[in-house]
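Starting from the structure of chain R, add chain A where the hints point.
Those protein sequences? They're chains R and A, same order as listed. According to our numbering, numbering within the first sequence proceeds without interruption in unit steps and concludes at 270. According to our numbering, numbering within the second sequence proceeds without interruption in unit steps and concludes at 968.
It cannot be assumed that every hint is accurate.
Stretches of chain A that chain R covers, calculated by requiring three or more beta carbons in the stretch to come under 8 Å of a beta carbon on chain R [as the list claims (entries may be wrong)]:
id: 1; segment: 275-283
id: 2; segment: 286-294
id: 3; segment: 500-507
No lab work stands behind these hints: they were computed from the structure. Here a beta-carbon is modelled for each residue, glycine too, at the ideal position from N, C-alpha and C.
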Amino acid sequence: MIEVRQLSKSFEDPDGGQVAAVTDATLSCAAGEIYGLLGPNGAGKTTTLRCLATILTPTGGAATIAGHDLLQEPEAVRRSIGFLSTTTGLYARLTPRETLRFYGVLNGLNKEILDTRVEEVLRLFDITTYADRPNDRLSTGMKQRVSLARAVVHDPPVLILDEPTTGLDPLVSRTVEEAVQSLAQGGKCILLSTHLLGQAEEMCTRLGLIANGRVVAEGTIAELCALTGTATLRQAFFSLMDANSPFPSGRGAGGVGPAQTGSEGGVHAA
Amino acid sequence: MRLEIVREVFLKELRETLRDRRSLLVMFGVPLLLYPLLTLATASLGTSTMRRMSERRAPVAVVNGEDAPGLVRRIERSRSGLRLAAPAAATDARLALAAGRVDAVLIVPPHFERDALAAAAAAAQDTRIRVQIDRSRTASTFTENKINRVLDGYERDIIRERLRARSLPPHLVRPLATVTENIAPPQRQTGTSLSYILPMLLLVTGMLGAFFPAVNATTSERELGTLETLLVTPARKLELLAGKSALVLLAGLLTAGINLLSMTLVFWRIASQSPGGALAFSLDPGTLGLVYLAVAPTILFFAAAVLVVGLFARNYREANSYLTPVMLLTFVPLFVSLTEPKTTPALLITPTVNTSIIIRDVLTGQATAGAFLLAFLSSSLYAGLMLSLAARLFRTEDLVNPAWEPLSLKGLGRRSKDAAPRARRLPAADEALMLFAVSLALVFYVSPSGAAWGVLPLVAVNELLLIAAPALFFAWLFRWRWVETFAWRKAGAREWLGAALMGVGLVPVVGAVVALQGRIWPPNPEFARAMANLFLPALQHNPLLTVVGVALLAGVCEEILYRGPIQTALARRLPPWLALGVGGFLFGAAHLYAEGLIPITLAGIMLGWVVLRGGSIFPAMLLHFVYDAVKLATFAYMIRTEGPERALQLATRPDTAISGSDVTYLIGGIVLLLLGLVLLQSAYRNRAATGRITSDER
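Here chain R stands alone, though its shape is the one from the complex (with noise of 0.2 Å):
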């Protein structure tokens, strides 16, 4: 569903100089399958989650989703995922309803199925009871259900959530949680990014490990462990992340293979 080949994304910054926020991520997510990118902020999550969702133009390299060339088809592309980040708010003024519809419209459903499709939805979701209050006298649990409702309005095959629970107390969290891995058990193809690792722990079927803008290891936790010769997901976090700092502190394994070419590369996130 999602293939990810060598992406590259710089910016400019104020100097005139160039600032490579992702250098070479290379990824892949299956159907029904939950793909966690996990790193510490500023790593260039963001940056390759915006670039998959289109927001932003990548610099080099290439991705397929749900078949469409990221490039050559935005639009396509945009038509098969659902996007979602704690940062997204929703627009005061509207209830929930009324946000449904209009993110439905948008993303091209027909006004057939359009009242039946926001309504199966707020059921979904459980947002019936309040789905004609204003969005901004919602508790923050209750917005961040209709955020995802939002997301999956138009019944995309890709979801991309860029830490979506980032902020949330752990009860809206585990809303959050259980509702995301019931999609990925209904067939839907879920990259999340997450720096939060027991959350990466317990939903992700597999892991991306980035860092400094360059994906360091991927697999399963087992495989992560295993290549790191360590016993759990946290060691072997710290392992990778020590191997990849710009910074080396003389700590942590450094013996591991796409590490190294990491410190080589002498990037700097922004």
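Chain A only, in chain R's frame:
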């Protein structure tokens, strides 16, 4: 463009706007309630004060009134609007005046009436009646007018008596009878006064009406992060923007329309109340419709400008502060209409000013269809350009980057002493525009003071200190890379030759452009005369030094600024053709001379192309030098052969006639220009590898 998406976006924006109390208040509340009330309140307050002032019998004290009984009698008549306060001594009367107990004091000299009737005023004596008033009081004007009327009557009485004493007829001293007639129809009077305020009011209200919807459609979407979710839908950016801008533009038009309507009703109300139609009100619906039609494209222009402001701003506060300077632009029509300018084609295509001019002409019944169409079409063009700017901005992916600051001066940030020295870099567009503004302001304020120094010192100060020095100073301050910013690269022999040929060829070509322009836009000979007068003495006494000195200074210094950082920065941000256009325009505008704008812009584009294409500033300096030198040398030659008087005449004649020899020169110029162009192109092709600044350094 899929209409159902545009419609859905429009409806969503409309829904949000209608649920926003602030925008409703601005759109409907202010025009419908506040300002009829305000107008009526101030108007009735004003009228009642006026009535009270004129109907009241103002108390005046007359000192030594017994020596002017005729005057006292006239004051005591009820018609005079005055009443006599207790007669008093001069000092008491003055105190009473200061305390406000009387409005005026009249001091009559001794034996005034007796002497006046006898017409025997002794030369030594003061025979004037003194009138003391306190002008700091509003009532004083009314009282003064009443006193003047009484004194006029008193004077006539005395003259009549004198004539009677000499048995002469009274009309002997009134040889002149005058009647003043106001030929302006009431519509024109109302129209003129309305035309001062109406354009500004409509533009400001239209802009305010557009503000909240625009902020909601752009800034709020960025702030909320909803913009991202819009951009990941299959809706195209242009469709999104079309829906959004449709509402913003509509809100602007609607608000201005409601204001116009409400204001008209208020006017009608006041006029219908005023006795005898003192405020003649005769604006028919057709005229108002035309006014609205005339102002509509300019409202669209400002609404689109508000949209641009909204896209630039990261939050509501920023949007507010960016709006202020744009708002000030709407005051331009007011200032222009106060100078009561004639309707010229140039004014009819000047942004926002054209609206004010055409509205005045419509209101005073003087507008022609052609003028209306010219103003309407040019305003529509500007509105279209502003909208396309909004569309360009909306397409940039930086819009979803919260750190994006298109209007920032980051380069000025302070750094700690320990930090490594900042890497040298290329100028940013905002820095270059600031540099342009600094240099322009310096030239504007400093160079007029140097008019008396003579041409060469003036040009030297202008070019070295006000044009080149700021560019070099900025380069040092912001640590720009010298070689790339200023395109300091060696040029080959062919480039030098090509540039020199182009410089010569450009003279008749620019001359032709000026002549052509003069046909549609009558030139103002004042500027040409002032320039010729400035150069004449120097060219007469020191022709070689003046020609070479001035051309060298202008060629080198102006290129350093305009084809240096300004062009380099623009070329990094804009496509090459647009960078050249904008750079050329700035170069043209900097000459602070309206008729030179188009020809100098064209010359600037050509100079810019030479630098952008060839990567070296030196051929452009030569081109510039040769052009200026040839022009000045021609003038110097004319002075020598024809004499200064005739040369001055030739230089300042309106350049609209094109003679046969002009055509010959023009053809020669074009040939030289093309020859130079071919030489340059062949040189560039030769070293295509060491190429263009734009594509390499972006």
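Going through the hints against the structure:
1. With a threshold of 8 Å between beta carbons, the proposed coverage of the segment 275-283 of chain A by chain R holds, since 4 of its residues qualify and at least three are required.
2. Requiring three or more residues with a Cβ within less than 8 Å of a Cβ of chain R, the coverage given for the segment 286-294 of chain A holds, as 3 such residues are present.
3. Only residues whose beta carbon comes within less than 8 Å of a beta carbon in chain R count, and the segment 500-507 of chain A has 7; three or more means the coverage holds.
In this structure, none of the earlier numbered hints is contradicted; all agree with it.
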